[in-house]
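Taken in order, these protein sequences are the chains called C and A. Position one of the first sequence corresponds to residue 1 (UniProt numbering), numbered consecutively onward. Position one of the second sequence corresponds to residue 1 (UniProt numbering), numbered consecutively onward.
Be careful, since some hints might not be right.
The list treats identical chains as interchangeable, and a pair is accepted whether it falls inside one copy or across any two copies.
[Stated by the list, open to error] Straight-line alpha carbon distances no greater than 30 Å define the calculated DSSO-like cross-link-like pairs of lysine-lysine that follow:
(1) K73 <-> K379
(2) K379 <-> K38
(3) K379 <-> K413
(4) K267 <-> K379
FYI, nobody ran anything at the bench for these hints, they're computed from the structure.
Number of protein chains: 2
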Amino acid sequence: MLRVLAVASVALGPQAAGWVRTMASHQLLVGPPEALRKPLSIPSRLLLGPGPANLAPRVRAAGGLQVIGHMHKEMHQIMDEIKQGIQYVFQTRNPLTLAISGSGHCALEAALFNLLEPGDSFLVGVNGIWGQRAADIGERIGARVHLMIKELGGHHTLQEVEEGLVQHKPVLLFLTQGESSSGVLQPLDGYGRLCHRYKCLLLVDSVASLGAVPIYMDQQGIDVLYSGSQKVLNAPPGTSLLSFSDKAKNKIYTRKTKPVSFYLDIKWLANFWGCDDKPRIYHHTTPITGLYTLRESLALIVEQGLEDSWRQHRETMAYLHGRLQELGLRLFVKDPALRLPTITTVAVPAGYDWRDITNYVMDHFDIEIAGGLGPSAGKVLRIGLMGCNATRENVDRVTGALREALQRCPRHKL
Amino acid sequence: MLRVLAVASVALGPQAAGWVRTMASHQLLVGPPEALRKPLSIPSRLLLGPGPANLAPRVRAAGGLQVIGHMHKEMHQIMDEIKQGIQYVFQTRNPLTLAISGSGHCALEAALFNLLEPGDSFLVGVNGIWGQRAADIGERIGARVHLMIKELGGHHTLQEVEEGLVQHKPVLLFLTQGESSSGVLQPLDGYGRLCHRYKCLLLVDSVASLGAVPIYMDQQGIDVLYSGSQKVLNAPPGTSLLSFSDKAKNKIYTRKTKPVSFYLDIKWLANFWGCDDKPRIYHHTTPITGLYTLRESLALIVEQGLEDSWRQHRETMAYLHGRLQELGLRLFVKDPALRLPTITTVAVPAGYDWRDITNYVMDHFDIEIAGGLGPSAGKVLRIGLMGCNATRENVDRVTGALREALQRCPRHKL
Ligand SMILES: Cc1ncc(COP(=O)(O)O)c(C=O)c1O
Ligand SMILES: Cc1ncc(COP(=O)(O)O)c(C=O)c1O
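Just chain C, with the same shape it has in the complex (with noise of 0.2 Å):
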């Protein structure tokens, strides 16, 4: 080190004086790592698990480009062309719509964040661990949270949730769509109209079922709609979705106190995205390679049409139920209608341990499959069939390696 400094400051003079007694006066006392020597190597697998699920392989050649800068006239094009794509995606005419850069949690934050100050009443369905998440955060925002609690597996009817606005009066209603935990499809139709009367704001959560799964913002009413990229869109984690009707802009624009978070202020976003007419100024570095990522799987189900994503993503589940029945398993979600087309929830079968059935379809297949999550826990196995993965040929992939599992992995006596 000595030796280096003594080069240095004889080529550069005096302007290296300051670094030169920094550097004289310390050392290196932590070493590089030896494990940051060996080259990167990524295992290859099939993600039939809740996600994420694997890449396209459109999407994930736009993850290799170079970066452009986040203000280049070109990276501006992209970010309309996603706002575009999520307008159709989410079936909405909203000028408030845009991609948050973070996951799904960080765009579920930037809808709290921006619609909800203190004090205010929120309603939060809880059939999953997603309104349990929703509710965290309404707490510590310092909202006034109301939990509307179904059992595992059920969801929750129009009734219960006119019951919840009289009872509470909310601003603010949360349902997740697809909750991933349970593996229940939460009806959207009728929601948004009885939330409106209640003069209550409706939020979704599609991101287990987005492009699987008929959603229609305008026409049902969502005030404000998230999702992910690494479900259906088969995009790498770290980008979101997120959309907000006038009414949820309103909301947000006639606050009294600025949202807790800089990074998710809305409107901040909403100039850097271009959703007003203002000229876009710099907020933050947007995930550039994320972004173009995010931009193809939006071209991808452009390309292939929503209806027939929603197709073919239903006639996938309908052939897993009929194989995973043959293997005598048994659907956690009784009621057909309420069945997540994406993530198929399925009980335990009894005498295993959910862990040797995870375990040896990964060890001996490549294969991931999941057991529950939060409230479902130790209950289900749950199996993601999203976009490119949705198709026949996953399923019986999937199927026989689940028979081999049951064949093979230890069954205890009852």
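Once you've looked at the hints, dock chain A with the ligands against the given chain C.
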């Protein structure tokens, strides 16, 4: 659409009833956007602005890999390697070291959300835009924010900081090592000890300086340090680096209130990043490919060696400064010891509109250089030489482009 529906309900029977009703009572009103039918095309640019910098080829390759699950053991291994890489570039042994799933601003929020509670006194060094941003976030949290304002191009002396500590008794001081809006390098020797004498923690932003300028987190007594992926590390934006000393950790773990963000709650993240002894619990889906690229960028700096990277940036800066002076341009930061090697600020030459110059260089050479930001807007041009972009060849390219721009751009009589 009706045809598809008919086929679907024949094929699937009653279980699709809910959907079929939903689809029958709604229509796709928002058509597929034409812009997304065109292929994605990314221009090739030399990014010599304040960031993002170009990706190193090995980093870029990692961005194009297939994803695995965020909870797979190989991913935990990659996260462990990232932690070790951050400990090396930060020169720290802090166990509470991790990457944030968001940009530099997100890391700043992670630091402030966790360290500050409402009512806490927060002292902010402002000598450009980054102190302003830290102050903005501090105010959103409800801290009592006190600004120490220096003129643009200046830095905070030990004496000034001591006066601020005496006057405001802060729990936290914010300083920016590399003020990328003004081009100032803030010295850091002695500041940590000074803060600790007054029971204050020291938070430092090294987004624009890490890897180019010596920093010794532990030896310099820095309690919280963060940086970004998209500058010297040559990785895509979207992840950031963050570490907490034991003192800082202690403040976090004895808070009375929960931090307002779940996404950035350090207690959750510490577990998720294996910084405690408990089994890792799912918290959010990490940006898998973003972590691949961050891992590779850290591997590259390990391969090169920190001191060699510092030398490279110092020498390239000196070469750039010489060439700029040959062009008759004036460096904005007067004291040579305070010039940031990554981002050089050049006074806008008299008679020119800075936009003409940056546009000329972009349009004729596909090279990005930038104007000012925040308080420096209109006053400076900014030239960035970061990581693999910090070469003499790039200095020759950008100064050649500047020479031509100065000849061709309109010069207004003074
Ligand atoms: C329905 C639902 N909501 C929210 C999330 C959270 O998304 P992320 O893990 O990207 O933060 C998930 C992730 O699995 C999900 O399935
Ligand atoms: C010194 C400094 N701090 C913070 C940031 C913010 O980082 P990001 O744009 O990634 O949010 C930047 C970005 O340019 C920076 O230069």
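Structure-based check of each hint:
no., hint, in the structure
1, K73 <-> K379, "between (50 Å within a copy, 23 Å between copies)"
2, K379 <-> K38, "neither (39 Å within a copy, 46 Å between copies)"
3, K379 <-> K413, "within (18 Å within a copy, 78 Å between copies)"
4, K267 <-> K379, "between (43 Å within a copy, 27 Å between copies)"
Consistency with the previously given hints fails for number 2 only.
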